[in-house]
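> This is what each chain is made of:
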Amino acid sequence: MTQTFTILLPQTMLAACACLLILGSAFSVRPRRWGGLALAAVAASALCLAYVSSFSADDWAPDAASSVLVDSISIGYQWMCLGLAALFVLLSHEQAATKTSAEFYALLLFMFSGMMLVGSANELILIFLSLELISVPTYVLLYLGRRDPRSQEAALKYFLLSVLSAAVLLYGFSLLYGLAGTTNLDVIRNILAETYSKSDSAQVAAGGSVLGMVALVLIFAGLGFKVAAVPFHFYAPDVYQGTSAYNAGLLAIIPKAAGLVALIRVASETMVGFETSGERVALILAGITMTGGNCLGLLQSNIRRMLAYSSIAHAGYMLIGVAVGFWDSWNGDLSLDAAGGLPGGVGASLLYLFTYSLATVGLFGVLVYLARPGGRQIEHIDDLTGLVRTHPVMATCAALFLFSLAGVPPLPGFWGKLAVFASALSVRGESPGLFVEMHSGFMILAVVGVLNAAVGAVYYLRVVALMFLNDPVSSPQPSGGKPAFAAVCCSAVLLMGVGIFPTPLFTYLNRGVSQIAPATVRSPAGTLEPRPAAIHGHSVIAVQTQHDR
Amino acid sequence: MPAVELDVYLFVAAVLFVCGAVCMATKRNAIGVLMGVELVLNGANLNFVAFARYTALGLDGQVIALFVIVLAAAEAAVALAIALSFYNNHLTIDVDRGNELHG
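Chains P and H are the protein sequences, given in the same order.
Sequential numbering of the first sequence, starting at 1, is according to the working numbering.
Sequential numbering of the second sequence, starting at 1001, is according to the working numbering.
Think of the hints as simulated: they come from the structure by calculation, not from any bench.
Computed from a predicted model, the values in this text were never measured in an experiment.
A couple of the hints might just be wrong.
Sample of chain H residues at the chain P side, in silico, Cβ under 7 Å [said to hold, decoys possible]:
1) Met-1035
2) Val-1037
3) Leu-1084
4) Ser-1085
To be clear about the criterion: a stretch of chain P counts as covered by chain H if any three or more of its residues have a C-beta under 8 Å from a C-beta of chain H, and this derived list gives those stretches [as the list claims (entries may be wrong)]:
5) 6-19
6) 112-120
7) 147-158
8) 377-385
9) 460-469
Using N, Cα and C, we set each Cβ at its ideal position, and we do this for glycine too.
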């Protein structure tokens, strides 16, 4: 029990500081002070996280029914969250200088605390509640201090669709609970493995039971909204356009990261026995998400709308990794080594998430910094014309971020795309034949992905060309303030650093994935039982659960 | 009196789910849409409680139902604030009247 509290220390710290800020909002303090306090809260949480990550894996007492887990993926993900939190607090320097400053920072801290909680959750309830801990402050943040009809429409649209997605997700969880009989993800995995792997393989080939398949589809629908995958993406362009650049940046990163991690935890790692159907759903979703996002992105002239479609397209690339993750958990870790040092499957997805978040926070940071005094935003892409003459540093940073999103080597976006495509190509097919043992579905997906990367590059490079090759029409007075400038420069430097020296990140993710991948299945008693090595296409998963309830 | 089986509860929950989804799709009033969402949430709740009761799975399901009820209340509070502020601008809570954002 104490262990659970220790693991949750960073999140608790953030949430407690958020409560203090809400209490403190009763007193009148200069609005700018609250930003400093929020930054201090992030730093305190980072200290707690450093304490948690100072333990090695052996230090934790094996507690299989624990509702939280700690592994290198969750630690790395939480560091990423805290880094983003610091950047967002810096960016909000001018944005938040209003009467509601304290509430603003409190909501921000709640959102990041929920985002971190998703990484350590090992329970269906905890995952659901932490996703809601992100959503509810988001509704208020979209609505806070903005009175114009557009932002109200954005808040209403986001609210109604988000609540629906949460309800659908909950329905999916309820079916999964009925199927497995528990809410603990480790135990669910073991029960499903026992039920579906030992019985005849015909049932497994058919994709598990109907109940499980319905649960899987509902979970994909609910979390597809969070990551903005295509049939569930309709809110994104409208909401990004209707709200401020700052809020759009939050929406582009926090729900997407949390949704992806939840998808990995609940679907690809847990739903053993549903790989065939899960893989198909993820493949189709990834394909249409990439294509839809990129094609519609080409048509946009509003910068936030364009970035919304770009964030949709990137969700598609991340889903490739989720699809491979399903395949991995069925067949063992064949694709890990095949990609030559790059992280495969789930790891590739997380690498992609990291590179995407870094470039996106920077790009929205540029927009926040360049906003005109009086709250007028950069709306049209043409507003950025000739930016290199008026704000050379911002233009260079923005170009870096856009190049990274487009996947130009050696920026991190390129490594992310490379890892995702390589892991899709490393999947071996059922019947070795025409093309060297590749799985036809994944091969098609990789080809679609590469074509999409080319289409996506068009609209990113169009913005870069506008900024660098044309003469400025006006010289906007930036109102973002020095902290926002510093935050943008920070993320640009970090982006370059990660792009040029990506190896430590690869090593970290590879280690993390082999630690959490079901190659070793954690049984309820806490002992690790190695799974027999997988053979082409089919494998026998022998798991002995000591679960009796 | 014949005992009520688990599948009856699951059926009712599924009916609630479908009703909620249809309500979301057809209602144009923001509060009406919210009611549809509540139906879906309660359908899921019914599933949790029924599974917990009928399959000897412990109390997990019932605890989740409690959490979800509290969560739904929190969401309703935010929803009413948003609807009120929408009304202040548009003098209606017809969701179709919010049509400035498209493209």
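> Determine for every hint whether it applies to the structure shown.
Hint-by-hint comparison with the structure:
The restraint placing H/Met-1035 at the interface with chain P is violated, with a minimum CB-CB distance near 11 Å, outside the 7 Å limit. A hinted interface residue such as H/Val-1037 counts as satisfied when its beta carbon comes closer than 7 Å to some beta carbon of chain P; here the least separation is about 5 Å, so the hint holds. A hinted interface residue such as H/Leu-1084 counts as satisfied when its beta carbon comes closer than 7 Å to some beta carbon of chain P; here the least separation is about 10 Å, so the hint is violated. Because the closest C-beta pair between H/Ser-1085 and chain P is about 6 Å apart, less than 7 Å, the hint holds.
Judged by the Cβ-Cβ criterion of 8 Å, the stretch 6-19 of chain P is not covered by chain H as claimed, because only 0 of its residues qualify and three are needed. Judged by the Cβ-Cβ criterion of 8 Å, the stretch 112-120 of chain P is not covered by chain H as claimed, because only 0 of its residues qualify and three are needed. Residues of the stretch 147-158 of chain P lying with their CB closer than 8 Å to a CB of chain H number 10, which satisfies the three-residue condition for coverage. Requiring three or more residues with a Cβ within less than 8 Å of a Cβ of chain H, the coverage given for the stretch 377-385 of chain P is violated, as only 0 such residues are present.
For a cut-off of 8 Å, the count of residues in the stretch 460-469 of chain P with a CB near a CB of chain H stands at 0, and the three-residue condition is violated.
Checked against the numbered hints above, the structure breaks hints 1, 3, 5, 6, 8 and 9 and satisfies the rest.
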